[in-house]
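One letter stands for each residue in the lines below.
2 protein chains.
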Amino acid sequence: MSRSTPSNTYTRIIEAALTLFNEEGERHISTNHIAAHLGISPGNLYYHFRNKDEIIVQLHQRYSNDMMTCIQSAEAPQSLQDVANHLENVFSIMWHYRFLFSDMNALLLRNAELLGAHNVFTREKASPLVQRYLAQLAKIGIIEGSQEDIQSLALNMWIITKYWFDFHGSVRGKRKLQEDSKHLGVLRNLSLIRPYLTEQYRQEWHEVVKDLLSRHR
Amino acid sequence: MSRSTPSNTYTRIIEAALTLFNEEGERHISTNHIAAHLGISPGNLYYHFRNKDEIIVQLHQRYSNDMMTCIQSAEAPQSLQDVANHLENVFSIMWHYRFLFSDMNALLLRNAELLGAHNVFTREKASPLVQRYLAQLAKIGIIEGSQEDIQSLALNMWIITKYWFDFHGSVRGKRKLQEDSKHLGVLRNLSLIRPYLTEQYRQEWHEVVKDLLSRHR
Chain A
943 MSRSTPSNTY TRIIEAALTL FNEEGERHIS TNHIAAHLGI SPGNLYYHFR
993 NKDEIIVQLH QRYSNDMMTC IQSAEAPQSL QDVANHLENV FSIMWHYRFL
1043 FSDMNALLLR NAELLGAHNV FTREKASPLV QRYLAQLAKI GIIEGSQEDI
1093 QSLALNMWII TKYWFDFHGS VRGKRKLQED SKHLGVLRNL SLIRPYLTEQ
1143 YRQEWHEVVK DLLSRHR
Chain B
943 MSRSTPSNTY TRIIEAALTL FNEEGERHIS TNHIAAHLGI SPGNLYYHFR
993 NKDEIIVQLH QRYSNDMMTC IQSAEAPQSL QDVANHLENV FSIMWHYRFL
1043 FSDMNALLLR NAELLGAHNV FTREKASPLV QRYLAQLAKI GIIEGSQEDI
1093 QSLALNMWII TKYWFDFHGS VRGKRKLQED SKHLGVLRNL SLIRPYLTEQ
1143 YRQEWHEVVK DLLSRHR
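Residue numbers (our numbering), protein chains in the order written: chain A, 943 to 1159; chain B, 943 to 1159.
Simulated from the structure, these hints should not be mistaken for lab results. Incorrect hints may have been included.
It does not matter which identical chain is used: a pair holds within one copy or between any two.
With a Cα cut of at most 16 Å, we get these calculated EDC-like pairs of lysine to aspartate or glutamate [what the hints assert, rightly or not]:
| no. | residue 1 | residue 2 |
| --- | --- | --- |
| 1 | Lys1104 | Glu1086 |
| 2 | Lys1081 | Asp1122 |
| 3 | Lys1152 | Glu1090 |
| 4 | Lys1152 | Asp1091 |
Kindly generate the complete structure, drawing on both the sequences and the hints.
Here it is as structure tokens:
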């Protein structure tokens, strides 16, 4: 398939938009920037997407699919290291689509379609799976706590994960967010889990954290 | 002092801006909107403030002062109810200046003065006091944990508090954020503290949470 076929251009637009949104911030990038970046005419871009929000809806769709695949395919963890690896995968997907997390509410408020898709993804799909994952950790004896504890832990992990890149970016001030920020996001989640660990996993916690920090340069 | 004296107008501009930013979102409000709301000319507003960001810097200054006074004047807690009351005060101040928390990074990135003031406030002033407050809770036996635990708890409380209104707004979708969202923000913090409570405070935790939820209509 040559580069000029429509379906190829469609994909190239989405991928260029993702790169530019992540690097420059979504609010600073127009459809004209994306077209110029690809060396295509604005008219060619408009043939595929009526406006920037249509591109964002597609990117959100890809993010949701990637994240659902990641969460659904997580194998039953046998150790805290497995949990950390799973969290690393989650943060890697978020990193890939990180522009979505820097100003999500503004995106959602201006786009009813995106808001609907996001709410379905969050409430009906992803959130129950996070709860189920933690319930599984409790079942096999890695963590212990009441049902209320586990639900509360899931919510706190959700909030801290959602906002981690935004928070860490603000802590680092004007310096650009670095990819190793992912490791510290995993560490935040492990710190939330720590007080619920059963005794036999407490030593492993320190080893997993030490390993994580060694990868955070 | 009549309504038309400059110092009075200065204060009225700041207060009108706060109301409009909170109600409509800072990004939707221009200096012209603020002037129109007050029934003054744009020129009169520009006599006091060169641009919108100068008003925001003043509002951030007021927020910082109010929050520092609140944190510094917190008396040594004797019970978990005292802790909850202190958290309620913190969330009340955040509610008063809630526009600051809906899109803070965008505000900080476009305004070097605000970024500097915010970093000084966060890193040098407020954050050490939060750590000290938790260390005090440990000292008088309300919570227990290693120094690492307490530092991690302080960071998690900071992140969840900072983003609570944004998160809860997104959960509620298009419905406007309600003031009772404050109580659920306090509850999030209490849920983070819970696993670190010493045994004698665990029963009180349930009572404090029940009381909080009864106030969340």
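Structure-based check of each hint:
In this homomeric assembly, Lys1104 and Glu1086 never come within 16 Å of each other (Cα to Cα): the closest approach is 24 Å inside a single copy and 28 Å across copies. For the homomeric pair Lys1081 and Asp1122, neither the shortest alpha-carbon distance inside one copy (32 Å) nor that between copies (35 Å) is at most 16 Å. Taking the closest pair of Cα atoms, Lys1152 and Glu1090 come within 16 Å of each other only across two copies (13 Å); inside a single copy the shortest separation is 30 Å, beyond that limit. With identical chains, the CA atoms of Lys1152 and Asp1091 are at most 16 Å apart between copies only, with a shortest distance of 15 Å across copies and 26 Å within one.
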